[in-house]
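*Asks:* Residue numbers (numbering that gives the first Met the number 0), protein chains in the order written: chain A, 0 to 190; chain B, 0 to 100; chain C, 0 to 1005.
Please keep in mind that the hints were generated in silico from the structure rather than gathered at the bench. There's no promise every hint is true.
If the Cβ cut is set under 7 Å, some of the chain B residues that face chain A in the computed set are [as the list claims (entries may be wrong)]:
id, residue
1, C7
2, C8
3, P13
4, G20
5, H61
6, G62
7, C63
8, G64
9, R65
Yeah, the Cβ is synthetic: ideal placement off N, Cα and C, and Gly gets one too.
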Amino acid sequence: MPDVLFHTPAETLALSPLVGAGTSLRRAALLVRFVFRGDAAAAAKVGAAFGVALPQSPLASERTGERAALWQGPDEWLLLARPAMDGPQAVDALARSLAGEIAAALGETPHSLVDVSERHVALLLEGPGAADLLNAHVFLDLDPAAFPVGMVTRTLFTKAEIVLWRTSEQNFAIECWSSFAPYVEGHLAEA
Amino acid sequence: MLLIHCPCCGVERPEIEFRYGGEAHIARPMQPADLDDHQWAEFLYMRTNPKGVMAERWRHVHGCGRFFNALRDTVSDRFIAVYKTGEPRPDSATASGEGAR
Amino acid sequence: MTLSFRTSKGGRIDRAKSVKFIFDGKTLVGQAGDTLASALLANGIHLVGRSFKYHRPRGILTAGSEEPNALVGVAKSAAAAAAGQSVPNLRATQVEIHEGMVIVSQNRWPSLGFDIGAVNDRLSPLFVAGFYYKTFMWPKSFWNRVYEPFIRAAAGLGKAPTAPDPDRYANRYAHCDVLVAGSGPAGLAAALTATRSGARVILAYEQGEPGGSLLHDVGAQIDGRPAAEWVSAVIAELAGNDRVTLLPRTTVFGYFNQNFIGLAERVTDHLADPDPSLPRERLWQVRARQVVLATGAIERPLVFPENDRPGVMMAEAGRIYANRFGVLPGRAIAVATSCDSAWRAAFDIKALGGNVVAILDMRTDVDPALKEKARAHSIRVETGCTVTGVKGTKRIEGVRLGRISGDTVSSAGSLACDCLLMSGGWTPNVSLHSQARGKLDWHADKGAFLPGDPVQAQRSAGSCRGIDGLAQVLADGARAGAEAAQAATGNAVDVPAFSASGSEVSSGWWLGAVPHDRDASRVRAFVDFQNDVTAKDVKLAVREGMHSIEHIKRYTTTGMATDQGRLSNMNALSIASTALANEIPQVGLTTFRQPYTPVTFGTLATTSRGDLFDPVRRTAIHDWAAAQGAAFEDVSLWKRAWYFPKSGEDMHAAVLRECRTVRESVGIFDASTLGKIEVVGPDAAEFLERIYTNPWKKLGIGRLRYGLMLNEAGFIMDDGVVGRIAEDRFHVTTTTGGAPRVLAHMEDYLQTEWADLKVWLTSTTEQWAVIAVQGPKAREAIAPLVDDIDLSTEAMPHMSVRQGHVMGGIPCRLFRMSFTGEAGYEINVPPSRARQVWDAVFANVERLGGCAYGTETMHVLRAEKGYIIVGQETDGTVTPDDVGMSWAIGKNKPDFVGKRSLARPDLMATGRKQLVGLLTKDGKALLEEGAQVTAEADPAPRTPALGHVTSSYMSAAAGRPIALAMIANGRARHGETLHVPMPNGAIAVEVVPPLFVDPEGSRLNA
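Produce the complete structure using the sequences and hints provided.
*Replies:* Below is the structure:
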């Protein structure tokens, strides 16, 4: 089941042949991303404007269908929003309007909102073999009891830093800086 | 590889998610200009380097990004306690925080 | 060919399936299920290698990973062998044969049977312990050139493969509640118990088939059925549970901090034609809540003269080859022992039709039941009897017997045999417990070190902690499994009870050298087979003053073999303790180290090799540059276009052309890799005020400033241009390599010193691609593409920034700035559209007679202007004043990071190295970067240099080579002549100000 947050191209990327059928890797299309930094009071105001509450619990995420707020640190969140249409213009437009709405909601409340839409690439690793394949390169315990659906964390993928987010029992979104994506993809094809 | 309990994330993670940050509780003087050369050199360069329990700074650089402090026994290489920046140093004799696991 | 040493029945091999393989050029046949060792023995081959130092012929000693002698080189096929793709030093006892496998014996020339190096054996009185230390001391200069190459050629084991490793290796991180190491009765009982409690379990075992001793303990029954059947049932239950991971052919090689365990799984070595997608080996990095070590015990050799001759084998190994592999290790087999278990080997071999000529037991008080059983098997029994030597070199032909009477031994004739099975009792295998930093306790009654209290969350079970007897071992395994599962999960765990029969408890043991009646100066009894260490060597080491076992180990190399001394340590320790007249626990035991057995480099590298060794970061413009034929250089993890040679141009010509073009018309440069940090919040200006040397509060919105960053010690750490986007928002740039360091430095101060400041940092390095356009025609090149920004100098002067759009709506941040001394712009656009913008700008640049340039030209152009590069002109000991940048320090700022240090006497002292320009007197010589600069052309040795060359280039603009240098008191030396001594003579240079082009800076504002 593709995740509605992401525009998902049909094209799948190569995966290690050891991964069984039904597991796939795709690079999601461009998405609006903001890093929001500020205290809990500021975060609460953002939630109202963004339409998704910014989670206060460590490693937590909140989402509606097409928007998500991912906890990154005690004063840092990654906000994701899918534009109505694919393509950079739609991303620019949504980023602009969201930035305006959030700024308006915050008023004089000190905070930082920075557009990082293009800083990241989202790699969608989905299917029954996803967790096992990830564990070729990610040292976290991905048992659903230890890493439940919705958990999100920055961590390491061998030598690359990633944001790992479990979007469903079998699906993961790997957010990494764009220039690290080929490295992550290359290792997933080799594992 | 050590496991370190991050007091901000509330989880234990392998050491390579973290960066060592040197000895803790060495505050930058509010008015550096008021310090003479000797005092400034003490601040800059002198560290206790104990054999035993040491308070040190760590940063969960590949996690929540936060600096925090830890008590670690430099002999056994075991963490005795972790605590957030700004919190007082716990009593190492009684500390049995999650960092000690 | 008949496998003449096969039994007619029994064993776990597939008798219907023959396997052909090649050993030293000869085709041999084994059966599916054979190890290389069992297949060779089935072919009557004992001689499989030459020893490390003396090149003595050696045979198969054991049936496990502790094998010291039978090390071989293995190639998957003849084709692989021909291609140089082989693996050296594999233990024949672990290698599972497959069709077409090519094996070579090692450390012999020209052949295994006739080895020139065996002359070492005749010279053995020379090669005593400490030989290398004593002999190759002087002259010191001979060590590298003469001694070491000679020693390396003469000694050594296998040959490294000549071709790159063609195999793939993989990695898995895993977590579990209980990791069980070993699949013998204790391990299986532990794994089964933990599994039934609901715990997540990993069961790792060394061999292809689980079961350990149960696979050859043929008479044993568990819960009323043959042990091997019980093993199958247990494995089936474990395999059917999705919380259990079974790892066959997997060695637990390293026990690290906090139950971090390294495992090496051999995935395809046993397959003739594996699925090419499978890795050869897989590294498992396991974090286990609890660990159960069920690693068994290892039978100990008897240290008697010539105990290393082919045909001498461990008794239990003989039993394994007979019962499990259906191979008789000889036609006339003698057994020398000091413990009961070897008797079982004799009985089992006899039962399979083997010829056991005698059981020689050193003890006089042997269990009458054993004697009775021997009589029933018609086996000759000698008690109080030992072996004092063997006859035969490449294969034993008989043994000398000695009668033990108190401390003396008298000759008792000889006995013809072609195989001698020996046993000195059992050494509990405590390697992993010791790796886990657990202490070892000496148990004099058992003659063994047993695991003491563990330091980590682990426990030992079964014979590795000295438990003997199948029923006891099973119960101990179940106990350990239950305790581990309970500790890991917090759940109460039922401990199953197992019944066992048909497997007797063994008693009796012997430690150290066996007494004999031979001339002690002429015979050698081996303690460490792999390293050729004899009992005599250990005694010599003690005589020469080595009183600690750690010193004895290093002096003699005993215990430094690939088995980490599992076979040899206890005998060596006992011999040393006798020589020292000290108790064993006082002499101590060396620590067992990782790895348990050797691990191949590929397994440790996993997929991190070749193109995937490190992340390779490429910009949005990379493909364009590559298509243009650019050469690239590595800058931190980034690939940067270095220069763009046109056809026929070398680097020198290309860079000169690019430099000239930028100064004369315009150049385009990919600056995307620069670090970028968005500093946002009401206290942003205050924060920058404290972090940088420069003042920021009065910087207008839309203006840029060059920022210089120091560390607290006052030394330059990074630099970059900073733009004020809004009252509370700055766009900070850093050097390419410094980006993570600068962000960490800023976060450190913000989080730990100035937590009250309302300002936050976000990396935007990859949010913006940066297209630099530099040169007199820069404005002309970009103007047609800019939608909504007034580019006139009045509206947008040098050092300003505007937000707007290019090419019909692409958002951009346009910087007017220069790192070349020419007027210029840096266009920041989202990477998704960078290529589109680049192509359009490049078209204009080309039309205007411009070109693309790379990092080398960028370096030359900035050097011509005397602009520093952090890390090139600076090295972590350089202050702003040293590089002539006192102007960058805000004079009225009360404080910033590093300010107080700048007032330290050392940093204000005269004589510090200062940035200068250097021009060679001849106007032609290009100085070498890093070259030392001296006052004299031919300075006396050890004269300190005045400084060194930091940058050196051929300058198109200056029409001659130029250089930057850090020179003591440099600014006071303008006009002086100094020298750069080089191998071909010193080069005379004139010290000049570090500025070679446009001293007034008028071109910037054009």
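*Asks:* Given G20/B as an interface hint, is the shortest Cβ-Cβ distance to chain A below 7 Å?
*Replies:* With a minimum Cβ separation of about 16 Å from chain A (threshold 7 Å), the hint on G20/B is violated.
*Asks:* Going by Cβ atoms only, is C63/B closer than 7 Å to chain A?
*Replies:* holds (4 Å)
*Asks:* Quick check on the hint: H61/B CB to chain A CB, less than 7 Å?
*Replies:* Nearest chain A Cβ about 5 Å off; hint holds.
*Asks:* Verify the interface restraint on G64/B: the C-beta must sit less than 7 Å from at least one C-beta of chain A.
*Replies:* Check passed: Cβ of G64/B comes within 5 Å of chain A, closer than 7 Å.
*Asks:* Does P13/B meet its interface restraint, that is, does its C-beta lie within less than 7 Å of any C-beta in chain A?
*Replies:* Holds, because the Cβ-Cβ distance from P13/B to chain A comes to roughly 6 Å (cut-off 7 Å).
*Asks:* How about C7/B: closest beta carbon in chain A under 7 Å, or not?
*Replies:* holds (5 Å)
*Asks:* Closer than 7 Å between Cβ atoms is the bar; does G62/B clear it against chain A? Give me holds or violated.
*Replies:* holds (5 Å)
*Asks:* Hint check: is the beta carbon of R65/B less than 7 Å from a beta carbon of chain A?
*Replies:* With Cβ-Cβ at 6 Å, under 7 Å, it holds.
*Asks:* At a threshold of 7 Å, is the proposed contact between C8/B and chain A supported by beta-carbon distances?
*Replies:* Hint on C8/B: holds, closest Cβ of chain A at ~5 Å, below 7 Å.
Figure legend: structure checked against the earlier numbered hints; the only hint not met is number 4.
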